[in-house]
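Engineer: Sequence:
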Amino acid sequence: VSIIIPTRDEHLPTLLRSIHSILNRTPAKLLEEIIIVDDASGKEELKAALDIQVANLTKTRIIRLHKREGLIRTRLAGAREAKGEILIFFDSHIEVNINCSPPHTSRPSS
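Note that the sequence shown covers residues 69 to 178 in this note's numbering.
In case anyone wonders, no lab produced these hints; they're calculated from the structure.
Small disclaimer: the values here were computed from a predicted structure and weren't measured.
Treat the hints loosely; a few may be bogus.
Claimed, not checked - Distance windows between CB atoms, simulated: (1) 95 to 134: 32 to 42 Å; (2) 129 to 162: 15 to 25 Å; (3) 110 to 166: 14 to 24 Å; (4) 141 to 161: 15 to 25 Å; (5) 167 to 134: 33 to 43 Å.
Virtual Cβ for every residue (Gly too), placed ideally from N, Cα, C.
Please model the entire structure based on the sequences and the hints provided.
Structural biologist: Below, the structure is given as C-alpha cells:
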C-alpha cells in the first residue's frame, strides 16, 4: 500500500500527527510507503522543518511541486511516484484508527 497525502502549508504538528498515526497503526507488512506531496507550500520554515522530521521517519518521503497544482493534480503526482500496488489517499489532517488499511486492501466479496 502506498498512502499519498497532498498538503500545502499544513500546520506541522498536525501533519506529523497524521503521518505517525499511519506508521503506528498500519500493519508494517501492508505499508510500502507514505508519500507527502507538497503543493508548492509558501512557508519556507515549514518546508525545512518537515524535511528534518521526515528524514527521521521510515517509509516516508516528500515530493515537492514547483507550482501550485491543486488537489487532484497533487494526488496524481503522488500516484505517479507510488511503488505500492494499492493507492490510498488521505488528507493531511487526519488520524487513522488501528488496522485502518486492511479494509481498503481486501477484495469485495462476490
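Engineer: Decide, hint by hint, whether the structure agrees.
Structural biologist: Each hint tested on the structure:
1. Between residue 95 and residue 134 the beta carbons are some 35 Å apart, a value that agrees with the proposed interval 32 to 42 Å.
2. Range check, residue 129 to residue 162: Cβ separation about 18 Å, and the 15 to 25 Å hint holds.
3. Checked against the hint of 14 to 24 Å, the pair residue 110 and residue 166 fails, with Cβ atoms roughly 35 Å apart.
4. Between residue 141 and residue 161 the beta carbons are some 20 Å apart, a value that agrees with the proposed interval 15 to 25 Å.
5. Range check, residue 167 to residue 134: about 37 Å between beta-carbon atoms, so the 33 to 43 Å window is met.
Going down the numbered hints, you'll see the structure goes against just number 3.
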